[in-house]
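Chains A and B, in that order, are what the protein sequence lines are.
Per my numbering: the first sequence = residues 41 to 383.
Per my numbering: the second sequence = residues 41 to 383.
No lab work stands behind these hints, which were simulated from the structure alone.
Everything numeric in this text was worked out from a predicted model, so none of it was measured.
Be aware that one or more of the hints could be misleading.
Said to hold, decoys possible - If we take Cβ atoms under 10 Å as the criterion, some of the chain B residues that face chain A in the derived model are:
| id | residue |
| --- | --- |
| 1 | G47 |
| 2 | T80 |
| 3 | T139 |
| 4 | E145 |
| 5 | R181 |
| 6 | L293 |
| 7 | G367 |
| 8 | I370 |
Said to hold, decoys possible - Cut-off 27 Å, straight-line C-alpha distance, at most; resulting in silico cross-link-like pairs (DSSO-like, lysine-lysine):
| id | chain 1 | residue 1 | chain 2 | residue 2 |
| --- | --- | --- | --- | --- |
| 9 | B | K70 | A | K70 |
| 10 | B | K186 | B | K70 |
| 11 | A | K70 | B | K154 |
| 12 | B | K165 | A | K70 |
| 13 | B | K368 | A | K186 |
| 14 | B | K325 | B | K259 |
| 15 | A | K338 | A | K154 |
| 16 | A | K155 | A | K186 |
| 17 | B | K70 | A | K154 |
| 18 | A | K368 | A | K207 |
| 19 | A | K338 | A | K259 |
| 20 | B | K259 | B | K70 |
| 21 | A | K338 | A | K213 |
| 22 | A | K338 | A | K325 |
| 23 | A | K70 | A | K338 |
| 24 | B | K368 | A | K165 |
| 25 | B | K209 | B | K259 |
| 26 | B | K70 | A | K155 |
| 27 | A | K356 | A | K207 |
| 28 | A | K213 | A | K154 |
Just so it is clear, CB atoms sit at the ideal spot from N, CA and C, and this is done for glycine as well.
2 protein chains.
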Amino acid sequence: MDRILLGHGSGGRMMHDLIRDYFAPAFEIKTLDDAAVINTSEFNSKLITPNSEPFRLAFTTDSYVVDPIFFPGGDIGSLAVNGTVNDLCMVGATPLFITASLIIEEGFELNDLKKILSSMRDAAKNGGVRIVAGDTKVVNRGKADKIFINTSGVGILDDNVNISGSKAKIGDKIILSGTIGNHGIAVMSQREGFVFNPPVLSDTRPLTRLCSDMLSFTKEIHSMRDPTRGGLATTLKEIASASGVGILIHENLIPIDSSVRGACDILGFDPMYVANEGILTVFVKADIAEALLDVMRKNPYAKDAVIIGEATGAQKGTVLLQTAIGGKRIVDMLSGEQLPRIC
Amino acid sequence: MDRILLGHGSGGRMMHDLIRDYFAPAFEIKTLDDAAVINTSEFNSKLITPNSEPFRLAFTTDSYVVDPIFFPGGDIGSLAVNGTVNDLCMVGATPLFITASLIIEEGFELNDLKKILSSMRDAAKNGGVRIVAGDTKVVNRGKADKIFINTSGVGILDDNVNISGSKAKIGDKIILSGTIGNHGIAVMSQREGFVFNPPVLSDTRPLTRLCSDMLSFTKEIHSMRDPTRGGLATTLKEIASASGVGILIHENLIPIDSSVRGACDILGFDPMYVANEGILTVFVKADIAEALLDVMRKNPYAKDAVIIGEATGAQKGTVLLQTAIGGKRIVDMLSGEQLPRIC
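This is chain A alone, in the form it adopts within the complex (with noise of 0.2 Å):
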């Protein structure tokens, strides 16, 4: 292997691989955790008054490069803003501002730039955060694909809040937010002009309120993540590697709608494995694990949400999926890459 291959992009097992290897030695990045957690006492500077409070500031980055730009029930620009919200919102952070940055292709219409900020400034209206800084690239006709875009964040943390996906806890319930699949079939069903009844749409959206409904509810919240690119099993099986428990989960408990079901049987895609945008999964100690339930199920971005399996002291590091015929099968992270570009 000595080039970059499409799975490198997938969010799954070579994307790891390539972390580990390439990224880890050169760059300070501690988890694999959607924002990186600082103290403002680390940040070392006389210009923060020795008597002043410490508070954590959470960062993160994403690049959105979807095909297609414009897709059923959202586009590159909501995407793009929606993606790092929920990245913050996912370490219990409060999401506060964003920069945005787009790499555009010459020749990209004038209209459609108009239509994605626009696209673009409502998100950061639903997500709670101002859109303080740009930046604007524009290459030859042919060296990027339309366009491109980088947006990153910042957030603030509640001294009591602890969230990481190396925090779960054996005996954790493990609640899913929503169906599963809906935005990569979305953006599959565009890019190859596929006409499902009912229409599929993506699911891009912030979690800022639902989160916030869960922080005000609770602070024992040990592992949250939006299991966006590898689909649910791969944020599962990293969750349960890097907290060294093992998962379960029960098939016919994980809401599908089903025309996404239709679309993947047909297409024979794993809905496991398909990227989402905007839903959670989190882990919870057991015993507020319904109540927790309850109050999310009054947000409307979680009025499908359930319990879908347990951590547990077997088989540290694995997930296993209680099948809906009674077997049950190990899930590992994608490997290779399902559907490129999907955000």
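For this one, chain A is given, so just place chain B on it according to the hints.
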């Protein structure tokens, strides 16, 4: 005009129009400064205790699409780190953290990736920042040109620092920290296969220490800017417009390496519009200009620093160049595109 043209990415007039007509209505971008400055009191979060002393943070973002990705004196990795570090420095911030997001074309050589990451790591160390979060996307062959890198940065500001392109004052002296045109000519020579003797090297480098020395000496710096895309001419015109002052500079005082001058003569470029990376221009009260210059010249990155002119009360918003042969000409922003993909 209904499509994006290369000139929209030039840093010049077309980009300013694009920002004014498209980005400003959608985003909360209040100034054209290199970074947004936000007081923590604006965070409007109950998570910061009321008795916590507020402080100011700077946020910035830039995507780098330079072609070729390796050039004399640097590569896209060092450029991406230095560029964002310097954007933070230009508002007087001490750079703290950056994020890095890569868009890579399928088939890109892993050896080249390794070189670039290593050069980012070194640049971060030199610039005094930590790379705390990252992201990688891969697009199909032919859908991006090798590799694009976004870096976004966070810095912290001293209470007494108040620097903006809109704060230049009549009577200010204008100091330029080094020779102009080196980066643009270095990239262009590599791209086109020209060989200059002596070779022209990019001046990509972090200005963290230089700016820290300057701000230790005085907080009375009014405007500071690194003249990147659009060159020195565009930067000065931006400051003249934003501050409502006239600017008079003296052609024979502007330092240019003889090899850069020769290359510009042969190729028909005006060095005033060629991109730089590792120099800055600073507007400071006349009575401390000479002393600041002495401070700057002690730093190896500013050994060629020189006063090139002053802000005047005449012809506000206009930049006048006193030419070597005694005439005066008006200097406008770059119009159209001189050298695409220079950063």
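### Query
Which of the numbered hints are not met once you compare them with the structure shown?
6, 7, 8, 9, 10, 13, 15, 23, 24, 28
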